[in-house]
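Could you build the full structure based on these sequences and the hints that come with them?
Protein chains in written order, with numbering that gives the first Met the number 0: chain A, 0 to 475; chain B, 0 to 475; chain C, 0 to 475.
Just to be clear, a hint being listed does not mean it is correct.
Stated by the list, open to error - With a straight-line Cα cutoff of 27 Å, these simulated DSSO-like cross-link-like pairs (lysine-lysine) come out: (1) LYS357/A with LYS357/C; (2) LYS202/C with LYS347/C; (3) LYS202/A with LYS347/A; (4) LYS91/C with LYS352/A; (5) LYS357/C with LYS470/C; (6) LYS352/B with LYS91/A; (7) LYS347/B with LYS202/B; (8) LYS98/B with LYS459/C; (9) LYS3/C with LYS459/A; (10) LYS3/C with LYS148/C.
To be verified - Simulated DEER-style distance windows between Cβ atoms: (11) ASN286/B with ASP306/A: 45 to 51 Å; (12) THR258/A with ALA183/B: 40 to 46 Å; (13) LYS470/C with THR139/B: 32 to 38 Å.
As the list claims (entries may be wrong) - Sample of chain C residues facing chain A (criterion: CB under 8 Å; computed from the structure): (14) SER74; (15) PHE110; (16) PRO114; (17) GLN242; (18) TYR243; (19) ARG245; (20) GLY248; (21) ARG290; (22) SER325; (23) ASP331; (24) PHE334; (25) ILE336; (26) LEU366; (27) ASP367; (28) SER395; (29) ASN397.
What the hints contain is simulated information worked out from the structure, not anything from laboratory work.
Just so it is clear, CB atoms sit at the ideal spot from N, CA and C, and this is done for glycine as well.
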Amino acid sequence: MAAKRLEMNPDRLFDPDPAVRGLARELYEPNKDRPLVCPHTHVDPNLFSEPNASFGNPSEMIVTPDHYLTRMLYSHGIPLEDLGVPRTDCGKVERDPRKIWQTFADNYQLFAGTPTGYWLNHAFSEVFGVDVKLDGETATEIYDHIEGKLKSPEFSPRALYDRFGIEVLCTTDPAASDLGSHDAIRKYSGWHGNIRPTFRPDKVVNNVGTPEWRTSIMELGRASGIEIADYGSFVRALEQRRQYFRQMGATATDHAVLTPCTDEMHPGYLESIFKKALGVRVDDVSNDTRRFSAHMLMEMARMSCDDGLVMQLHPGSYRNHNPAVSERHGPDRGFDIPVQVDFTQGLKPLLDKYGNSKALTLVLFTLDEDTYSRELAPLTAYPAVKLGPPWWFHDSPNGIARYLERVAETAGFYNLAGFNDDTRAFPSIPGRHDVWRRCCANYLAQRVATGVMDMEDAGKAMEYLSYGAAKETYRL
Amino acid sequence: MAAKRLEMNPDRLFDPDPAVRGLARELYEPNKDRPLVCPHTHVDPNLFSEPNASFGNPSEMIVTPDHYLTRMLYSHGIPLEDLGVPRTDCGKVERDPRKIWQTFADNYQLFAGTPTGYWLNHAFSEVFGVDVKLDGETATEIYDHIEGKLKSPEFSPRALYDRFGIEVLCTTDPAASDLGSHDAIRKYSGWHGNIRPTFRPDKVVNNVGTPEWRTSIMELGRASGIEIADYGSFVRALEQRRQYFRQMGATATDHAVLTPCTDEMHPGYLESIFKKALGVRVDDVSNDTRRFSAHMLMEMARMSCDDGLVMQLHPGSYRNHNPAVSERHGPDRGFDIPVQVDFTQGLKPLLDKYGNSKALTLVLFTLDEDTYSRELAPLTAYPAVKLGPPWWFHDSPNGIARYLERVAETAGFYNLAGFNDDTRAFPSIPGRHDVWRRCCANYLAQRVATGVMDMEDAGKAMEYLSYGAAKETYRL
Amino acid sequence: MAAKRLEMNPDRLFDPDPAVRGLARELYEPNKDRPLVCPHTHVDPNLFSEPNASFGNPSEMIVTPDHYLTRMLYSHGIPLEDLGVPRTDCGKVERDPRKIWQTFADNYQLFAGTPTGYWLNHAFSEVFGVDVKLDGETATEIYDHIEGKLKSPEFSPRALYDRFGIEVLCTTDPAASDLGSHDAIRKYSGWHGNIRPTFRPDKVVNNVGTPEWRTSIMELGRASGIEIADYGSFVRALEQRRQYFRQMGATATDHAVLTPCTDEMHPGYLESIFKKALGVRVDDVSNDTRRFSAHMLMEMARMSCDDGLVMQLHPGSYRNHNPAVSERHGPDRGFDIPVQVDFTQGLKPLLDKYGNSKALTLVLFTLDEDTYSRELAPLTAYPAVKLGPPWWFHDSPNGIARYLERVAETAGFYNLAGFNDDTRAFPSIPGRHDVWRRCCANYLAQRVATGVMDMEDAGKAMEYLSYGAAKETYRL
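See below:
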């Protein structure tokens, strides 16, 4: 049986109506090759600190680390071990990349119609030049083809960075990180790439009083050179680290919380909680730990007003919902499940204090799409608030359409933060930006075709959403 | 005035764009006549246990029992009595089916643009061969026409079962049912139809401690032949009934709860609640009854792992919201109103314990469409979880479009459970399946037209959604 | 640089597909010029009580009072002072209308693709005959043009009332208002316009026990001529005012609450709360004030059953979310942010008691679009319940499309209350009604094109939604 051809439709994601499609093309064309601004990724900076770094083999690059992909295979009963996902107990997992690839290919049908399938096809076709569809029969041929490419210097991380047209790429880094790779890139590499860290203090501001928190506090103390003995020294250590991140090029922080609650605790009570937490587990986890996290969001907003780091908030994900999987394979395996969030009441204390300040830029993300039109778009009336692009499960053709359709009427286009690819899957970056640009062009084309906007305004909005919005919002 | 013609557009529910419409037709055509798999209905099995059973007159068949229809008429001030809906106090209601039909016809305009109107037109046209629109003037003519048909052997339940191309049809039956009709169909009828029961234990697991619960427990004890004196004997009785249902062909259970909370109670406390409830009303209804229901969902999942019955969960409906109507006319009169649900946190205990098991298939339904993309599609990463089709108010052209648009990107097509018609209105069954198939074809055609999938993958998904998914999910 | 032409596409808001567009046109055409029924506005009745009233200059008419517009400019860092918005401390604000207009025009780009931008363009083009796009360069020319128009008698409020084809317009008035302007219009003006008040008692039923509440109670006592010494006299005063509003032409009441909770308090407890509140702040604001508001909704429904005033409920808006702005500039400045609401459980006590009564018409509005399909459409099964049109942020092309798409299948078209423009921006009224009519025509055209309805039924529904629904629902 002959392999099926893999082809990307040049008009993909545009409305099939010929009039709208024509307008969408017209809007997309001048923006499709703009440089990529990547203000929020989970790419490993080590890929860029050494000139001869490599992505490894096709399975190491594409299958094993991508939880979007492994979660789907797992849902159909394929053990994560068969996909090479390491076990926390160092138990046996599949090590043969060709076997992993074959398992993946045999089940590739599962990704039909999903954004993962779309991005994979985009990477196969546009990045690697594969021209047949992946399935059980073409698995080996495609593996060989990609493996060959990955061995060539044209497919090193730095080469792809250039080929993808990346202008700047921000990684995500814990507060206690020494940013060694960033330091190496900036000081020693002589390389022109623009790789920047992002300050992510989740481990020291959430779950106060747990043993893991105390470990993170020790690491923070060590990294900052400040002995953390009380809340005041904790705050100084955080300020010191933010300062260091800024020196290493950071322009933003990132905060993951279950609920977007903000609150200011009484200094005395705060100090007593903090000291107790340093010594022993705090008594009332469900209350004091939440209040502490809520308080720290306020503190972070205060610091952002002082040091100018843009504050990103990613709330509403119940992390590691599947304990069997996280105990066996660690965190970030595709089982972070969204919950309802309440921005209107949760963020009120923070916005009361900092929402009218031009010094703060607060970029809000959500997995609860109901909040798009109900809360997030109305909240952009605050000068500090910008809306992040569709996140995670919603970074998809349908998800982007829902986002624009629900936020743009109330927020306008110029309160949006542009696009984040938010990925650890490096070869998917151009495909993800391209989906965003195509979906924006399509939304705008539909507005033009229905007389809501004219092409002049649509063209300006298109340019902004494709490129300017991310640069401006993230102060890049 | 000449009566208006009733015609079904052969391209109905397909995108008007000619390119998409063509693709939709191509996907629909080979699937439109596939056998109907009906894993979840409220059809009365008595219709099939006797060869000479009849649907009665047109009003008895179409108007009086269908709460989708009576709720709309009632909303415009028409008393349920005028539609022949019996009163709990045996008070007078309209008995003349022609008067009921005339009231219905005079108000038929109210159903314009609703799925009920669509299904009715489909049944009139495709099942009964009516070719004029129903209104006050055509009421008698159409009544006479349908009445004539219903008297012919070609319109007996068994004949329509065959004509509709039903492959299997599952009814919904209380835990204490003797399944007499099912027994009759299987043992004595000599009829080839495949009618199966579904185990629905709501009455014995919800509202613990109420007089109605105690009555249901007595019935359960009688049916199982097990004296229910404590929690242990209660569980044995349930296991016995499940075993009996399986012998009668059941492959699934069904559970209706207000909230999808799951929880495991301490055995000692559980036993004390249970014993108290057997004797007197439990003290704290709002707490212990909920916890008991939550516990029983866990127990049911455990039993499903043991006996292989697929577990269906229908949460989030506030049943009998209108007490005036339910006191006067009993339950299921169109006043079950949805509430918000939280699957992510509610189901966590159950999924922690059974979600990774291949022995369990848990089919989740929702009336809270916000959970489609926020919770349900992400939860399909659990091997046990499948998503049921749009339920109740959402089993409609717009509702199916919203469902596919929001779940298919994250869940893929192969974590969906196919279609359920979920109806007591037998003549609407082919129309409902046809809506689903058309809407699936249309969604897939739009993906193909926008370059998200190719026709090969769309064709496979279409076949699965039309037929294979329900068979596979329900182990039929 | 030549100014860009401003043109309104005659087919705007219609689906670009030629077949659907043709049907939409056919449905729209006979309804586009129907009289405007405006049962819920925030227009100032003073505009109509004097024959020589004027809208003032273009900035006074269009920019300063419209919080839809000022909130967007404020979000981009433009102080409300620069837009002429008065300060509560009488501090300095921009007084030069041409400077205000220039600031507005320089930032007009921000409104691209928003309903505000659409309505402004509609008013510029259709009401004022402006034919160039507003921007920094055309600002003065357009200001001069509009200023000239506003000085002519053809642009007086009464003249525009006629030119817009308004049949009836209801204002919103506090319970203690003497309705002086309404009295003047009815008794002395000799003018044919139909301006009616709406009874809005928010200040006397919410926030019980605050100093503001006590002030409002005193005003209510004075207006009604009833000394309010206890709950009984409070109720009599309200009844008296409702009677007076009815004499002045009112057919409806309006109620804004944070949550749509309803509840009946024990008379003794109610009396004790009320008496305490008259004297001092009630102790437990978060509980008793909420219960009092919930109780008063029940009382208002009871009064509506007695006096026939249609009851409008606007829940779910967190009013004046930004205290810095409301302290500086007063309420209604664009910072009322929606929250989640629960109609199903909240309204149950009210619906239990009055939901089946034909004497009550309860029009429900929401800012929480999730409730459209989940709660509101199902609740229309109650004879008393009608659904208000999309409110506030959702009164927009996308918002109306979402509304119809989610409610019409379950509620049908004849349980909808038609359109409300709900505006204080008088020149936007024809544009807003036109958007509604176009979006309804488009929704119906799509149903016809996909075989869900025929043109006869669509035409009837279109006429109802355009005109009859509001008249009938509001008993006008």
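Taking the hints in turn, this is what the structure says about them:
For the proposed pair LYS357/A and LYS357/C, the alpha carbon gap of about 54 Å is over 27 Å, so the pair is violated. Only pairs whose Cα atoms come within 27 Å are accepted, and LYS202/C paired with LYS347/C is accepted, the gap being roughly 24 Å. Simply put, LYS202/A and LYS347/A have alpha-carbon atoms about 24 Å apart, close enough for the 27 Å limit, and the pair holds. The suggested pairing of LYS91/C with LYS352/A holds, with an alpha-carbon distance near 24 Å, which does not exceed 27 Å.
Pair hint LYS357/C plus LYS470/C holds up; C-alpha atoms about 17 Å apart against a cutoff of 27 Å. Proximity of LYS352/B to LYS91/A is assessed by CA-CA distance (about 24 Å); at most 27 Å being required, the pair is judged to hold. Pair hint LYS347/B plus LYS202/B holds up; C-alpha atoms about 24 Å apart against a cutoff of 27 Å. A distance of roughly 25 Å separates the Cα atoms of LYS98/B and LYS459/C; the hinted pair therefore holds under the 27 Å criterion.
Among the hinted pairs, LYS3/C with LYS459/A is consistent with the structure: their alpha-carbon atoms are about 15 Å apart, no more than 27 Å. Distance restraint check for LYS3/C and LYS148/C: the Cα-Cα separation of roughly 21 Å lies within the 27 Å cut-off, and the hinted pair is therefore satisfied. With their beta carbons about 49 Å apart, ASN286/B and ASP306/A fall inside the hinted range of 45 to 51 Å. Hint check: THR258/A to ALA183/B, Cβ distance near 55 Å, so the stated range 40 to 46 Å is violated.
At roughly 33 Å, the beta-carbon separation of LYS470/C and THR139/B lies within the given 32 to 38 Å, and the hint holds. With its C-beta approaching chain A no nearer than about 5 Å, SER74/C sits inside the 8 Å limit, and its interface hint holds. Hint on PHE110/C holds. Least Cβ distance to chain A is approximately 7 Å, under the 8 Å limit. Below 8 Å, beta-carbon pairs count as interface contacts, and PRO114/C has one with chain A at about 6 Å; its hint therefore holds.
The closest approach between the C-beta of GLN242/C and any C-beta of chain A is roughly 38 Å, which is over the 8 Å cut-off, so the hint fails. Given hint, TYR243/C at the interface with chain A, is violated; its Cβ is 36 Å from that chain's nearest Cβ, farther than 8 Å. Residue-level restraint check for ARG245/C is violated (minimum Cβ-Cβ distance to chain A is 35 Å; threshold 8 Å). Using the Cβ-Cβ criterion of 8 Å, the hint placing GLY248/C at the interface with chain A is not satisfied: the shortest such distance is roughly 34 Å.
The restraint placing ARG290/C at the interface with chain A is violated, with a minimum CB-CB distance near 20 Å, outside the 8 Å limit. The interface hint given for SER325/C is violated, since its Cβ lies 11 Å from the closest Cβ of chain A, which is over the 8 Å cut-off. Against a cut-off of 8 Å between C-beta atoms, the interface hint on ASP331/C is violated, since the closest Cβ of chain A lies about 13 Å away. A cut of 8 Å between beta carbons decides the hint on PHE334/C: the least distance to chain A is about 6 Å, and the hint holds.
Residue-level restraint check for ILE336/C holds (minimum Cβ-Cβ distance to chain A is 5 Å; threshold 8 Å). Look at LEU366/C: its Cβ gets to within about 6 Å of chain A, closer than 8 Å, so that hint holds up. The restraint placing ASP367/C at the interface with chain A holds, with a minimum CB-CB distance near 5 Å, inside the 8 Å limit. The criterion of a C-beta within 8 Å of any C-beta in chain A is met by SER395/C, whose closest approach is roughly 5 Å, and the hint holds.
A distance limit of 8 Å between C-beta atoms decides the matter here; for ASN397/C the minimum to chain A is near 5 Å, and the interface restraint holds.
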